[in-house]
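Asker: This is what each chain is made of:
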Amino acid sequence: MTTELEPRTSAAIGGMGHSVKRKEDPRFIRGAGEYIEDVVLPGMLWMDIVRSPYAHATIKSIDASEALKVPGVLAVITGADLEKAGLHWMPTLAGDKQMVLPTTTVMYQAQEVAAVVATDRYAAADGVAAVYVDYEPLPVIVDPKKALEPGAFVLRPDRGPDKANNHIWHWESGDRAAADAALASAEVRVSEDIYIPRIHVASIETCGCVADWDAVRGQLTLHMTSQAPHAIRTVLALVSGLPEQNIRVKTHDIGGGFGGKVPVYPGYVLAVVASLTVGKPVKWIEDRSENLQADSFARDYHIHAEMSATKAGKITGLKVKTIADHGYSDAAADPSKFPAGLFNVITGSYDFPDAFVEVDGVYTNKPPGGVAYRCSFRVTEAVHAIERMVDILAHEIGVDPAQLRMENFIQPEQFPYRTPTGWEYDSGNYGVALQKAMDLIGYDDLRKEQAEKRARGELMGIGISSFTEIVGAGPSKDFDIIGIKMFDSCEIRVHPTGKVIARIGVQSQGQGHETTFAQIIAEELGFPVGDVKIEYGDTDTAPYGLGTYASRSTPVAGAATAMASRKIREKARQIAAHLLECSPDDLEWEPGKFTVKGSPDRFKTIQEISFAAYTNHPVGMEAGLEAVDYYDPPNLTFPFGSYICVVDIDKGTGQVKIRRFVAVDDCGNIINPMIVDGQIHGGLTMGFAPALLESITYDELGNNQAGTFMDYLLPTAVETPRWELDKTVTPSPHHPIGAKGVGESATVGAPPAIANAVVDALWHLGVRNIDIPMTPQKVWAILHEKGLA
Amino acid sequence: MTTQHVRVTVNGTVREADVEPRLLLVHLLRETFGLTGTHVGCDTSNCGACTIHVNGLSAKSCTMLAVQADGAEIRTIEGMADGATLHPLQQAFWDQHGLQCGFCTPGMIMQSAWLLGQNPDPTEDQIREGISGNLCRCTGYVNIVKAIDQAAGALRAADAAK
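Those protein sequence lines, which keep their order, are chains A and B.
Per my numbering, the very first residue in the first sequence carries number 2; after that it's consecutive.
Per my numbering, the very first residue in the second sequence carries number 56; after that it's consecutive.
Please keep in mind that the hints were generated in silico from the structure rather than gathered at the bench.
Please note that a few of the clues may not be correct.
What the hints assert, rightly or not - In silico lysine to aspartate or glutamate, EDC-like type, Cα no more than 16 angstroms apart, as pairs:
1. A:Lys-70 to A:Glu-150
2. A:Lys-437 to A:Glu-725
3. B:Lys-201 to A:Glu-725
4. B:Lys-201 to B:Asp-180
5. A:Lys-22 to B:Asp-150
6. A:Lys-315 to A:Asp-401
7. A:Lys-24 to B:Asp-180
8. A:Lys-486 to A:Asp-633
9. A:Lys-652 to A:Asp-401
Stated by the list, open to error - If you want the ones that stay clear, here's a sample from chain B, every Cβ over 10 angstroms from chain A, calculated:
10. Leu-210
11. Ala-212
12. Ala-213
Keep in mind that this is a model prediction, so the values were computed, not measured.
Ideal Cβ placement from N, Cα and C applies to all residues, glycine included.
Based on the sequences and whatever the hints tell you, model everything.
Answerer: What follows is the structure, given as structure tokens:
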């Protein structure tokens, strides 16, 4: 099933397989994009937020009197004000609740405490500085394991006396008894504690909004940074009681999302309240420190994994117990059925007879979360754990990690493959991808070089990750966000002159939807890609959809776009038959025209048919050429790949240097190769980042240790590796265009390749595991302990 | 609050304003003059989304006061294209898919323009070093580096033709 897709359309049409230059770029390269901070409305005011310096404290009083004397300050909103309207708490996407503003207690450092509305941003900041809050500090719980200890301070007494603890939920998947039996009878058992630290998406644009309440028209327009504007509109309608047709959410251009712009943050709600209160548009733009310290985090999974195998290296069972630190509220953006996301995809690319996974969610004094960091729901955590465990097993029994993977992969003939935790993988060809990566990087020669270097005392490691992703949520029987099913949509209108406008329910944050969705229509209908305009992000005009995250745009809305195109093609066939005075069955389609079978000179172009749809349509047929499709996928899609990383470690400094990194990805059929490579480059860099650089830690008082870009280290061009890419193509058998989604694969697959390489370099010294990020400090400390540094 | 008069030349046009002494240069450009192509991505001069040219030097406009720019020649992303003709860097970023969300792009282009003014024929390592004060979260820098290399070639060819 591994086949390269040749473009079916000419370059002039620009359908699938063409590296069409992006239609959105002309505005961005001129500085003419319209991001949220660029939105300016007449009479617009600014809002800024008072935040808690404490991670846990009682609010004894809030005195806004001095703030209200500051020139330009118009209002100060506190929790007491919101409480009167019942708006001081709001629901999270995970069915928990979080404070908009506190009335009695702050639960994390940088939590919103009050909002100041003023005539400009400087006056608002002056007002924030003049609000006096009297706090009484409370005991702080940073460690989720301590939060679970008997007698631990109960962080959420609002849950009632029945839940007088810090345990949020327990979730499990697979067969515990079977996994126990596999482990008990195993010839070989390996176990490890693996911590996946708290990180932050840190899109270069922070979050913000302009809330615009028009009292005369009873209309609320919320311009905001959202990956899911339709869901936001519905939540706003349900919470505020405003009629949904009078709420309009507009996203404009978004400067990166990666999951961080899925949740509803208190700042958005406060801006809406402020606009309702003051009667004017109110703008709120968070600064970087607020973004890093208060917005939803990703990861923070404490994983204990046990794996069993035969002495020859055939894996037989997996058991995983995990503690998920959610901060003070479960504000995860996970589907209702899956509080730990799709973490039970943890059996990965391997044919495990038995597996059992359990996760417990826990409250701590940290910001609520968690969201993805450019990955489908909790898939990176699962992939990291299984790829680390497979490597540990390989090293433990002395089998080459590549060979161990090859011998345990799910084989091509086993698809569709049902995992012991209940997923049905649609397709895969894992051995081919790994072999391709090994050939590209020269695996056998690298192993020889490593042996020689080791003999000389040099530290070189080779790491593999052969990941399977699970994206494209999803079938509505299993997937929803707060009850709204995770279908997605496309509406296409063909104008009389053969030009097209299509609107989609998903939302670009840089992925290039204006180009790739136009290419799908070009592929299906033969309109040149330049004649197709794609719109999204305005809930007044776009069809309802659940938005862009978890690599779901192409798998779900892309499918809807193909299906809507096919509806138009069928109507076009009827019109063409009318024009050519033949039976519809006598017509053959090729992109752009219908031809009478056997008469190549008798044809009608899609443009001629478009004109006829408005000027000469058959009697009895509705005029026009439009279609809408709401697509409910029959299954998820399962992109995969094999990555190989080579590292050299500096014994003097502990610095890990990535010498080479080969990434072979399989995302099914490719719409735009240039954009797919760009997505993989970016994804790899966001995989490299948490492997070596990024993490958010807290001291024992709950102080955030990485609250600015001075301490939270994003990769620059200097340390980012020179990625080497290749592909295999295994189309999704159930997707209309055989695509799978690619935005996140590399972020999911890259970290364990790097971690495995570092541990591989150090295994002979007795190192079994190092938690990411593998910073120079951490690696140097190990080398020092081993007497090498 | 007292204000101070500021007169600057922005993209060839003289602009004036009475500003608070604490007003950041980036806010003068964005909010007073409406030139919203220059972006803000951090508070610590790390990200470079606000990069512009002040008297020919690359500068992070979120870390300068407007009053410090009094009398200066300023160039922003809006001043890079010549009407319908894109600057070679703009063209190259488009050709090479050197941008995704586009938020870092104006700062990245301004920094690259300064870099190529200093070094018209940079190596890949010199390009990477030269843009290390500008963060991009989307592209992994691969295609940005390619774009700067393409633009360097185009600018050298244009120079040679003069």
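Asker: Does each hint hold? Answer for all of them.
Answerer: Now for the hints, and whether the structure bears them out:
no. : hint                   : result
1   : A:Lys-70 to A:Glu-150  : violated (48 angstroms)
2   : A:Lys-437 to A:Glu-725 : holds (12 angstroms)
3   : B:Lys-201 to A:Glu-725 : holds (14 angstroms)
4   : B:Lys-201 to B:Asp-180 : holds (12 angstroms)
5   : A:Lys-22 to B:Asp-150  : holds (7 angstroms)
6   : A:Lys-315 to A:Asp-401 : holds (13 angstroms)
7   : A:Lys-24 to B:Asp-180  : violated (30 angstroms)
8   : A:Lys-486 to A:Asp-633 : holds (9 angstroms)
9   : A:Lys-652 to A:Asp-401 : violated (25 angstroms)
10  : Leu-210                : holds (16 angstroms)
11  : Ala-212                : holds (20 angstroms)
12  : Ala-213                : holds (18 angstroms)
The structure shown violates the earlier hints numbered 1, 7 and 9.
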